[in-house]
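Note that the protein sequences, when read in sequence, are chains A and B. Here this note's numbering is used: the first sequence runs in plain steps of one and ends on residue 138. Here this note's numbering is used: the second sequence runs in plain steps of one and ends on residue 954.
Source of the hints: derived by calculation from the structure; they are not laboratory data. One thing to keep in mind: the hints can contain errors.
Simulated pairs of lysine-lysine, DSS-like, Cα-Cα distance not exceeding 30 Å [said to hold, decoys possible]:
no.	chain 1	residue 1	chain 2	residue 2
1	A	56	A	9
2	A	9	B	444
3	B	383	A	56
Derived coverage of chain B by chain A (criterion: at least 3 residues anywhere in the stretch with Cβ under 8 Å from a Cβ of chain A; other residues may be distant) [stated by the list, open to error]:
no.	segment
4	633-642
5	797-805
6	914-920
Looking from chain A toward chain B, a few residues come up when the C-beta cut is under 10 Å (computed) [as the list claims (entries may be wrong)]:
no.	residue
7	52
8	95
9	97
10	100
11	106
12	111
13	119
All of these numbers come straight from a predicted model, not from anything done at the bench. We treat Cβ as the ideally placed atom computed from N, Cα and C, and that holds for glycine.
Okay, here's what each chain looks like letter by letter:
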Amino acid sequence: MKAPADFPSREFFERVRAATAADPAFRRGTEFFDGSVLLEIGGFAVWMKWYRGDIVDLHEGADLLGYTFALRAPLETWRGIWELPRTAGKPWARLFNYGEIATEGDAVASGRVLGGTFALIGHMEAEGRGA
Amino acid sequence: MSATAVSWDGVRDAYVPPADLRERIPAGVRLHDEAADDLDPVTYEVIRHNLWMVNSEHGETMTRLSGSPAANIAQDFNPVILLEDGEELFFGPYIQHAAAACGSAVRWVLENRGENPGIAAGDVFIENDPWIGCNHQPDVGILAPVFHGEEIFCWVASTLHVYDLGGSTPGSFCPDAVDAYDEPTAMPPTKIVEAGVLRRDLEELHVRRSRAPELVALDLRAQIAGAVVAGRRIGELIGRYGPAVVKAAMRKVVDDAEEAFGARIAAIPDGTWTDVGYLEEKSVGDRHVHRLVLTVEKRGTTLTFRNEGTDPQVAGSLNCTLVGWKGAITAALMPIFGYDQLFAIGGPLRHCRFEPTPNTLTCAGFPAAVSCAPGYAIVYTVVQAHRLLSKMGYPAADIRAELGPGGMSSWPLAALAGRDNAGNEIATVVIDEVAGGMSAYPWRDGIPAGGHSWIPLGKQPNIENNEYFFPILYLYRKLVPGSGGAGKYRGGNTFASGYVRWEAEDLAVNTISTGQGVPSGSGLYGGLPAMQTRHLLRRGSDVLARFAAGEIPADVTELAGVDELLSGKSRDNALGPADVYEQRPCAAAGYGDPLDRDPALVVADLEDGEVEFPAAAEVYGVVLDERSLAVDRAATDARRAAMRARRAAEAVPGPAVRPVGDAAAPGEDALAIHEYVALDAGRLLCRRCGQDLGGRAENYKLATLWRRLEIADVAPGYNERAVYVDDDVALRQCICPGCDTLLDTEIVRGEEPPVHDIRIAA
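Hey, can you work out the whole structure from these sequences and the hints?
Okay, here's the thing in structure tokens:
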């Protein structure tokens with residue numbers, strides 16, 4: 008599988024947002040969370056506001072309000088979501104569990120919403136099917 | 193209290209406020225007592241939430257001013273608003289086991305400082321006395337009366353863990369202390385601000401003890417500023433609503449929390465519950481374990497906590513005082529039974545009595561060493577109380593979702609000491625362990641590195657924060673798959689941090705922790721202990737050559753070198769330029785029999801990288817295809833049946849095992865007192881198969897099969913146990929003779945009989 012042609016871009020993340028926000032797994036994983044998340048993908052950044060199981064705001068670039076936690080890695084590392092050898096399940100989970108995609112900011116809060124983050128990444132991966 | 197001759201005055205024994213405290217307060221100290229009778233509900237809610245925000249602002253002020261990472265990142269402090277007589281109103285969402293500190297200290301001040309030096313508007317008292325009002329000496333208490341006219345209207349107070357306050361070891365956790373004289377000096381409450389003016393002489397006396405006096409002076413200002421802000425805000429509220437209305441709202445907050453807590457307790461049958469566990473290493477080089485017992489007796493809406501059976505206090509920093517013990521129990525009590533009361537702890541504490549045996553590990557008398565208490569007896573008691581109260585609360589179905597074995601069961605500290613290249617002295621703890629694995633619950637797994645229920649707002653510092661503050665360079669900080677205790681629901685996994693010294697003249701690691709050789713947290717209802725705590729030094733590694741080659745090793749095992757396992761109490765472990773230190777705190781224990789785990793959850797674990805493939809079959813009995821992760825249901829059923837049969841075959845019958853008959857499982861009207869045990873018509877029965885486990889008053893474990901295992905057989909890492917502990921310590925599994933379900937697991941020393949942990953009153 009390859010990364011979608013428009014990854015990373017605002018358009019890509021708008022599609023991911025729609026799918027993620029409708030996903031019960033995301034809702035369950037972020038049900039008690041009120042915070043913001045920054046994804047830094049090389050030189051590209053996307054900021055999201057997660058509030059009680061929904062993604063209520065999203066824009067390109069950092070936000071003046073900062074973020075609760077950021078997930079940060081070079082573009083090539085993020086491409087691993089699609090390009091790591093396929094195994095059953097979530098081959099990309101190790102990128103997060105072992106810190107290859109680094110967490111910055113409130114790491115404890117990041118851990119508490121890991122289920123929601125994994126749901127988001129799952130929808131990013133799904134965008135790449137057929138790419 | 194115990195019948196032995198003790199004096200609960202905060203000198204030899206910890207302070208216990210007398211029942212007639214108000215009569216003992218000197219006549220010159222006037223307390224504001226007037227409260228309005230007709231408080232309307234809207235005004236009440238406005239004032240209630242305003243007071244909550246006042247306390248939050250108090251905490252936020254300290255966070256912003258403190259220069260200590262333990263305080264401004266890990267939130268190792270707590271602000272409190274107390275009523276005029278020292279009863280707790282609102283406690284903050286920061287470190288919860290400090291719950292007993294300020295209430296005790298304020299009452300002591302009212303009793304002992306009213307005449308000399310007196311208590312007046314603009315005064316602030318400071319203290320760090322664990323026998324009066326803190327958990328250990330580096331926790332500094334600041335107590336400020338809020339006056340309305342000539343009367344004390346209420347108090348605002350805080351405890352805060354400062355950077356360093358002296359003692360034998362940088363950071364003021366003193367693992368080599370034999371008694372309190374080796375630790376930072378304990379200061380009873382002393383008036384450090386008089387009529388709004390900071391006493392320079394006392395400030396210099398306070399900071400002179402520290403290896404970092406400037407940072408301690410900053411912490412002092414952070415606490416005083418927090419109190420000033422909170423006091424001012426309460427004054428504004430009084431100005432807006434009048435003192436009688438504000439006081440009525442304060443009383444109602446406490447009364448409502450008392451009522452809500454009482455209603456939850458009332459739903460539980462009367463009885464007595466007991467938990468037993470072990471701490472390691474009373475002092476450097478000690479290779480024994482030390483017993484902690486916690487019992488709660490529930491009658492009506494009163495809970496009485498005792499520690500009878502706990503080992504005597506030791507010559508070494510393993511003990512805690514009554515202040516720490518009460519705070520630790522409160523820290524477990526509130527998330528289970530008071531979660532909806534905005535941390536209004538005073539009301540619930542009206543239902544609690546504390547009757548410790550003095551001169552024990554959890555109620556140590558002066559001059560016992562207690563500087564390391566939060567890493568040992570206090571955090572252990574939090575988790576022990578969580579387990580105990582979860583057993584007590586199980587019969588009440590409405591709160592069952594809040595129960596569990598507790599999270600990471602030790603607080604493994606690494607204190608760094610030395611100098612950076614600029615000559616700055618380094619003398620405090622790295623606080624990565626804030627991100628402990630979270631507890632499992634009866635309905636879900638624990639969250640990996642999700643933090644502790646007893647520091648709701650605690651944060652793990654960014655690696656960059658630590659690299660800025662300490663002369664170190666991280667190689668990695670990552671999750672450890674499979675480290676959470678196995679169970680029907682898994683405990684949260686832990687993490688590991690690896691770093692080298694960097695731009696330092698010299699640097700050493702001091703360790704303060706338990707759980708290296710013996711688990712500090714056993715599971716609940718058959719859940720298994722988690723991976724051990726470990727401090728590892730890889731000496732003489734090739735890390736610098738790897739850096740030069742442009743590589744950043746991602747695990748200590750990728751490096752050359754010789755391993756050195758550090759004990760839980762060790763000092764002055766010098767870090768050479770090529771030495772790598774790895775800290776790996778223990779994870780959280782599991783809930784329920786691992787063979788009851790839904791195979792779909794095991795598949796999800798593998799997909800998410802939470803456990804490694806071999807565990808699916810070896811621990812959970814789930815047979816699946818390694819590539820597709822498709823579960824073979826028939827093979828799984830067969831494997832689980834074989835694993836259950838093996839359990840029984842390797843066990844010996846307890847002395848009261850009854851014949852296995854063809855009894856049916858108890859019906860819905862039986863009282864569930866345990867995940868797998870019910871009380872029905874005076875008999876204890878297995879909820880699965882109906883096996884008779886004895887009468888109501890009997891220890892059901894005596895009617896089970898006992899399987900004795902090496903701890904390493906069920907919990908990762910404990911194959912290194914002999915490095916740390918000489919005592920004969922093992923794991924006992926209690927198995928239902930009828931269906932081979934794993935009912936309970938216990939850590940046992942020698943041939944101790946099973947703990948009679950559940951006694952439901954007639």
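Here is how each hint holds up against the structure:
1. Restraint check: the Cα-Cα separation between residue 56 of chain A and residue 9 of chain A comes to about 28 Å, which is no more than 30 Å; the hinted pair holds.
2. For the hint pairing residue 9 of chain A with residue 444 of chain B, the CA-to-CA distance comes to about 62 Å; that exceeds 30 Å, so the pair is violated.
3. Proposed proximity of residue 383 of chain B and residue 56 of chain A is contradicted: the alpha carbons are some 47 Å apart, above 30 Å.
4. Counting residues of the segment 633-642 of chain B whose beta carbon lies closer than 8 Å to any beta carbon of chain A gives 4, which reaches the threshold of three, so the coverage claim holds.
5. Counting residues of the segment 797-805 of chain B whose CB lies closer than 8 Å to any CB of chain A gives 4, which reaches the minimum of 3, so the coverage claim holds.
6. Under a criterion of three residues with beta carbons nearer than 8 Å to beta carbons of chain A, the stated coverage of the segment 914-920 of chain B fails, only 0 such residues being counted.
7. About 17 Å separates the beta-carbon of residue 52 of chain A from the nearest beta-carbon of chain B, more than 10 Å, and the hint is not met.
8. Evaluation of the residue 95 of chain A hint against chain B yields a held restraint, the C-beta minimum of about 4 Å falling below 10 Å.
9. For residue 97 of chain A, the interface hint holds, the least distance from its beta-carbon to any beta-carbon of chain B being 5 Å, beneath 10 Å.
10. Taking 10 Å as the C-beta cut-off, the interface hint given for residue 100 of chain A holds, the closest approach to chain B being about 4 Å.
11. For residue 106 of chain A, the suggested interface contact is upheld, since its CB lies about 5 Å from the closest CB of chain B, less than 10 Å.
12. Against a cut-off of 10 Å between C-beta atoms, the interface hint on residue 111 of chain A holds, since the closest Cβ of chain B lies about 6 Å away.
13. Taken as an interface hint, residue 119 of chain A checks out: its beta carbon lies about 5 Å from the nearest beta carbon of chain B, inside 10 Å.
In summary, the structure is inconsistent with hints 2, 3, 6 and 7 from the numbered list given earlier, while agreeing with the others.
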